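J.: In case you want the letters, here they are:
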Amino acid sequence: MITAEQQRSWVQQLMTRADAGLPGQSPGWLDHARKAARQAVAGLPVLDRKQEAWRYTSIEALLKQCFRPADEAADLPALDINDCLLPAFDSYRLVFVNGRYDPQLSSIEALPDGVNVGSLCAGLSTDPELLATWFGQTANHTEHVFTAMNTALVNDGVFIHVGSQLELGRPIEVIYLSQVDDDPLLMQPRNLIVLDAGAKATLVERFIGFGPSAYFHNNLTEISVGKGASLNHYRVQDESRSAYHLSSLYLSQQAQSLYRGTTLAFGGAWARTDYNSTFKQEGAVCELNGLYTVGDQQLIDFHLNVQHSFPGCVSREQFKGVLYGKGRAVFDGRILVDKQAQHSDAQLSNDNLMLSRNAEVDTKPQLEIYADDVKCSHGTTVGELDPQQVFYLRSRGIDESTARKMLCLGFAAEVLDSINLPALRDAASRKLGDTLNAAVEEWGGKT
Amino acid sequence: MLSIKNLQVSIEDKAILRGLNLDVGSGEVHAIMGPNGSGKSTLSHVLAGREGYQVTAGEVLFDGQDLLALEPEQRAHKGIFLGMQYPVELPGVNNMTFMRESLNTIHRARGEAELDVPEFMQRVREKARLLELDEQLLKRNVNVGFSGGEKKRNEILQMAMLEPRLAILDETDSGLDIDALRIIAGGVNALRSPQRSIILITHYQRLLDYIQPDTVHVLLEGRIVRSGDKQLALELEEKGYGWIEQEAAA
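Protein chains in written order, with the numbering used here: chain A, 4 to 450; chain B, 140 to 389.
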């Protein structure tokens with residue numbers, strides 16, 4: 004069990020170590036936000052089993068690690084970005100190495116007028132008014148200790164602004180590369196994405212990790228999708244097996260806007276994604292899809308908090324998991340339909356395929372409905388591969404391991420097929436295939 | 140080709156097959172008929188290697204080799220094909236990808252060349268046309284959303300692609316309307332050859348109007364109690380199984 008004192012001293016120590024890395028000059032509103040978050044930390048509740056949202060996700064191991072931010076030079080390994088690029092994928096690219104923006108590896112030339120893509124630090128000088136307006140608008144800085152920590156120590160991240168009615172011809176790609184070989188490192192990108200009315204964009208975030216040492220990738224992303232705007236947002240979490248990863252996403256949607264979020268979670272020792280989605284006006288659509296694989300020494304956790312506060316909005320949440328070895332997954336999907344949110348349409352599902360008896364999933368879909376004219380459904384399944392399906396394939400000459408792998412890929416296909424970028428879909432499919440090979444090998448000939 | 144001697148099989152200690160004997164020669168078509176619960180489907184499953192059955196006695200030789208010692212996929216490599224009574228749906232598994240994987244795996248196991256994509260496509264289209272199977276079904280997931288008749292036609296399509304040496308068709312005719320039955324029978328007849336044997340498991344004589352068997356067997360309480368030519372099937376159609384049951388009991 005962790006105590007409030009443990010949690011507090013861990014954060015304090017971390018913040019003291021991190022202070023040196025903060026940029027000297029920053030606008031007053033940012034200083035203010037940092038200070039407020041810092042002051043709040045001491046009073047935030049301890050994230051133990053008594054907190055419903057943290058009931059199945061212990062932070063004990065995380066608090067045992069002593070993280071510090073990457074230093075300027077020593078902690079920035081020379082990496083060959085070509086090893087991490089998707090084949091035949093043309094994008095506006097931002098690259099962060101161990102939490103720091105790397106302009107050399109990035110490529111954001113030839114952006115259309117009215118579109119700003121760059122680091123948050125650059126945004127402070129290129130578009131300070133917009134940043135001042137939107138920063139902290141959707142996020143709850145004091146949601147818990149990690150969001151407060153991210154805010155207290157904001158130093159850089161992604162800033163994207165797509166102006167009214169503009170459509171980007173290429174996806175924006177953000178690669179977070181982590182290579183940690185010695186001291187455990189802390190990375191805390193702070194991202195702000197604003198699409199004005201009628202804008203259209205595709206954003207791909209890829210988290211890639213190497214090295215034997217632990218690191219904590221504690222990112223916080225605020226997204227605002229304007230009236231009639233649409234954002235396709237793909238996230239591929241492929242952190243190293245020593246990594247702790249927390250993604251906190253705060254989403255706010257105006258009338259008739261569309262947000263499609265797909266998160267594929269493969270890596271990390273401890274990885275959690277929190278989606279907080281709020282409709283600010285009528286007729287918006289929010290789709291959240293997810294796929295996760297977990298094996299030995301891995302915990303992957305998804306929390307969804309979708310709030311239907313206005314009438315006539317649609318949300319679709321579909322998450323699928325493949326669990327093997329002693330893998331552990333947590334799914335907590337909550338949809339809240341307020342009294343005034345008539346004609347809300349919400350569907351939530353979570354399906355888990357258990358390839359081993361030692362794997363464990365805690366799944367909890369929740370619908371809270373206070374309106375009386377809505378269309379809502381939720382469902383969750385936890386099952387094994389159907390022996391009849393395995394036999395069918397084997398009777399057609401396909402060996403048992405391949406048969407199992409084909410069925411797992413089939414199980415995941417629905418989520419993968421929803422990826423509209425072929426290069427990303429193929430890469431995800433390959434990654435899943437490799438993971439399943441390892442899973443099936445580990446599973447061996449056991450029945 | 141296939142020789143079954145004194146085969147005894149139980150499911151959870153309940154005896155289903157109680158000393159079944161059957162010999163199927165190369166190029167022969169055998170029909171096995173019998174009332175519900177007589178062991179017809181158990182026989183087909185045991186031959187294909189499905190789990191959950193205990194073979195308590197007897198042997199099954201396929202080309203002189205102990206078939207029961209082989210894994211289901213190894214039996215398929217040797218040329219055994221089971222057309223299922225209830226073909227399962229495989230969500231997310233593309234029908235074409237599945238058939239190509241199946242065919243190429245079997246080719247590899249036999250040391251034969253794999254088919255490249257154009258060769259495969261040409262062959263599968265040709266066979267699908269013969270079975271009047273909508274080409275769109277090839278692009279869908281295996282059996283997902285297929286009608287009963289489409290599932291059965293998809294089974295025969297796989298048989299046509301895999302060109303087995305012994306095909307066991309388990310109630311392939313059940314649930315089919317007369318047009319679908321005719322098409323499927325046409326597909327099976329096109330595959331008859333001196334090198335290929337077929338076991339038809341059926342409840343109804345009707346199928347045998349379209350696929351003429353060399354021999355008809357009656358399976359009763361786990362044993363073959365009578366064998367004859369196709370006249371036997373007509374007799375069963377007319378009189379039911381009662382008279383054979385009485386004879387067998389006597």
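One or more of the hints may lead you astray.
Going by beta-carbon spacing under 8 Å, a handful of chain A positions derived as facing chain B [as the list claims (entries may be wrong)]:
1. Arg-41
2. Pro-115
3. Val-118
4. Ser-398
Restricting the straight-line Cα-Cα distance to at most 20 Å, the calculated cross-link-like pairs of lysine to aspartate or glutamate (DMTMM-like) are [as the list claims (entries may be wrong)]:
5. Lys-278/B x Asp-420/A
6. Lys-217/B x Asp-34/A
7. Lys-408/A x Glu-384/B
8. Lys-278/B x Glu-403/A
9. Lys-290/B x Asp-420/A
It is worth saying that the hints were derived from the structure and are not from the lab.
Computed from a prediction, not measured in an experiment: that's the story for all the values here.
In this text, a Cβ means the ideal position worked out from N, Cα and C, and glycines have one as well.
J.: Taken at face value, is the distance from the CA of Asp-420/A to the CA of Lys-290/B at most 20 Å?
T.: Roughly 24 Å separates the two Cα atoms, so the pair is violated.
J.: Would you check the hint for Lys-278/B and Glu-403/A, treating anything up to 20 Å between C-alpha atoms as holding?
T.: 24 Å, violated
J.: Holds or violated: the hint that Val-118/A contacts chain B, with Cβ atoms closer than 8 Å.
T.: Cβ of Val-118/A sits 37 Å from chain B, so the hint is violated.
J.: With the threshold set at 20 Å, check whether the alpha-carbon distance from Lys-408/A to Glu-384/B stays at or below it.
T.: 47 Å, violated
J.: Tell me if Pro-115/A is really an interface residue toward chain B, meaning its C-beta lies closer than 8 Å to one of theirs.
T.: Because about 38 Å separates Pro-115/A from the closest Cβ in chain B, which is outside the 8 Å limit, the hint is violated.
J.: Can the restraint linking Lys-278/B and Asp-420/A be considered satisfied, given a maximum Cα separation of 20 Å?
T.: 14 Å, holds
J.: Would the hint on Arg-41/A stand, with a C-beta cut-off of 8 Å toward chain B?
T.: 48 Å, violated
J.: Check the hint pairing Lys-217/B with Asp-34/A against an upper bound of 20 Å on the C-alpha distance.
T.: 75 Å, violated
J.: Would the hint on Ser-398/A be counted as holding, given a Cβ-Cβ threshold of 8 Å to chain B?
T.: 5 Å, holds
The structure shown violates the earlier hints numbered 1, 2, 3, 6, 7, 8 and 9.
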